[in-house]
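Those sequence lines, one after another, are chains C and D. The first sequence lines up with residues 488 to 645 when you count with the numbering used here. The second sequence lines up with residues 39 to 183 when you count with the numbering used here.
The hints are simulated quantities; they were obtained by calculation from the structure and are not laboratory data. Treat each hint with caution, since some may be false.
BS3-like, lysine-lysine: derived pairs with alpha carbons at most 25 angstroms apart [to be verified]:
#1 D:Lys131 x C:Lys614
#2 D:Lys85 x D:Lys134
#3 D:Lys85 x C:Lys500
Calculated Cβ distances over 12 angstroms to all of chain D for the following chain C residues [stated by the list, open to error]:
#4 Asp497
#5 Pro521
#6 Gly556
#7 Ala608
#8 Arg617
#9 Gln629
#10 Thr630
#11 Arg638
Here are a few chain D residues that sit away from chain C, every Cβ distance over 10 angstroms (derived from the structure) [stated by the list, open to error]:
#12 Asp50
#13 Ala51
#14 Arg61
#15 Ser63
#16 Gly105
#17 His122
#18 Lys148
#19 Trp156
#20 Leu158
Don't be surprised by glycine CBs; every beta carbon is placed ideally from N, CA and C.
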Amino acid sequence: MPQAPSFETDFWKDANLRKVWDDIVPGEPRKTLPYQLTKEAIQLYCRSVGEDHPLYFDEAYAKKTPYGGLIAPPSIHILLMFACTPADDWMRTPGTVNAGQSWSYNIPARPGDTITLQARALDKFIKRERLFVVHDNVFFNQTGEVICSGRGQTIRPM
Amino acid sequence: MTTTFESLSSGDAISGPTFAVSRESIRLFCDGSLDYNPLHLDDDYMKNDFGKTNFGGIIMHGMNNFGLITRMLTDWAYPAGAIHRRLETRWVKPVKPGDTIQPVGIIKAKQATQKSRWVLIDVLVKNQNDEKVATGEAMVEFPLS
Chain C
488 MPQAPSFETD FWKDANLRKV WDDIVPGEPR KTLPYQLTKE AIQLYCRSVG EDHPLYFDEA
548 YAKKTPYGGL IAPPSIHILL MFACTPADDW MRTPGTVNAG QSWSYNIPAR PGDTITLQAR
608 ALDKFIKRER LFVVHDNVFF NQTGEVICSG RGQTIRPM
Chain D
39 MTTTFESLSS GDAISGPTFA VSRESIRLFC DGSLDYNPLH LDDDYMKNDF GKTNFGGIIM
99 HGMNNFGLIT RMLTDWAYPA GAIHRRLETR WVKPVKPGDT IQPVGIIKAK QATQKSRWVL
159 IDVLVKNQND EKVATGEAMV EFPLS
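Here chain D stands alone, though its shape is the one from the complex (with noise of 0.2 angstroms):
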């Protein structure tokens, strides 16, 4: 079923494909965003505290969450004719090669504005211990037509 403004209600929910988290995937992200940043790429730096935290070796980019969750707004907007407009996301744990992630939306509220129509969206990434790495809110724009 085609999804419309109508016919959203508040605590429907989306979600994404699943995401493999590996030293591959990590690297793969590296070449795509350009985002060297050692953090990504080398355990010996990684052995070093970062103030009180230390992350035992290699993370994942914290915008390849950003990235799934894009992609599971995208996905779900354009078969709508609806237009991804926002997304504001937080980092709440470090994901790291062997983790399963995978976003999640569900439905917050709708708005109409004076020449337009809204969907807020609370969205998150759990891995696979459906604890939350990431969270955040979206906004998608349902057109008048």
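Chain C with its partners taken away, still in its complex shape (with noise of 0.2 angstroms):
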């Protein structure tokens, strides 16, 4: 199973690989990597905003629920969008910032599932002198089963 590499977490190496506004072609994949996701990155993510529903933690409440097990919470789409990129996509040139985002949900992410992105830039403009990406994501798992979808729009550093 292909995995992400260690991450490299100095998004300043690799910076020159990246592609600039100028180089986005709307509509054009972005390149993306399967990310085999674990508990210890789910609750470690959970920790970071402060989840501590058990279904995220503790497998015997888990399993009682309609949920069957574990599952993560649907925001994990955050990590993911790290987690299944490589070191030179555009969304970790430093200073990109984030202008707003929305997710719709399907089914739950798993501890164990394979997750795999579809993403791509959807459009660009230029608004009061800043340079925007609109960006169209999608997270299967393993048997294919959409995740969850998204849009957003960055402002790409000058």
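With the hints in hand, could you dock these two chains into one complex?
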């Protein structure tokens, strides 16, 4: 199973490999990587936003619910966006500012899932001297079911 | 009392716990989300101007707000057998270390469709000065049992 290599936390490294606003072609798929979601990654994300629901932490509890086992919170796509993209992806460009997001949720991601991402820039525009890109993202599990889909806008660094 | 679709009215409020923002909480969100953008890490970098804006220091990830709103919605929906289906957010004001923020929701409308039932919720995150730092809308499904 291909896995993201150890994650590069210095976003300046590889910065010269990333597309700038001018290079981004709306409609062109982004390079993505399959990612195996672990219980540890889910729980680290949960702790960072204060999520403490037993559906994310307590297997015995989760088994007795309609979910039938541990799940990830819906907002896990925040992690998946970086986990499923390579180091030269332009979402990592230092100074990228998130200008708003909308996400729709179908089924939960679960520990052990192999998550894939289909993503592209859908549009780009200039407004008040700022460079915007509209993003379109869909996450799938290993059986091809949609986990969630989202659209976002970022302001690109000049 | 258990929340049911029938018992909900426009104007009903929900809220999540307060969240104390610190350099450590922002760093933990970097590790939890793998988003190591220097906006959230590097004070020297944040001395720069961003267009006409100077933040004066590191800022919290906008998506940290998104995570807090999600937690409020799911903690409210799970006991009711309801499912969080959609969240749209915009960031209104940067959040910085030392701020304390809290997500809030107000039921806006209920809608029955051919196969299910939906609750529309206006959401926001406010800071310790009662200023809005994020706003948005959410949709929670109350399936027909």
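To see whether the hints hold, each was checked on the structure:
no. : hint                : verdict
1   : D:Lys131 x C:Lys614 : holds, 19 angstroms
2   : D:Lys85 x D:Lys134  : holds, 14 angstroms
3   : D:Lys85 x C:Lys500  : holds, 20 angstroms
4   : Asp497              : violated, 7 angstroms
5   : Pro521              : holds, 15 angstroms
6   : Gly556              : holds, 15 angstroms
7   : Ala608              : holds, 18 angstroms
8   : Arg617              : violated, 6 angstroms
9   : Gln629              : holds, 20 angstroms
10  : Thr630              : holds, 20 angstroms
11  : Arg638              : violated, 9 angstroms
12  : Asp50               : holds, 21 angstroms
13  : Ala51               : holds, 20 angstroms
14  : Arg61               : holds, 13 angstroms
15  : Ser63               : violated, 7 angstroms
16  : Gly105              : violated, 3 angstroms
17  : His122              : violated, 5 angstroms
18  : Lys148              : holds, 19 angstroms
19  : Trp156              : holds, 12 angstroms
20  : Leu158              : holds, 13 angstroms
Checked against the numbered hints above, the structure violates hints 4, 8, 11, 15, 16, 17; every other hint is satisfied.
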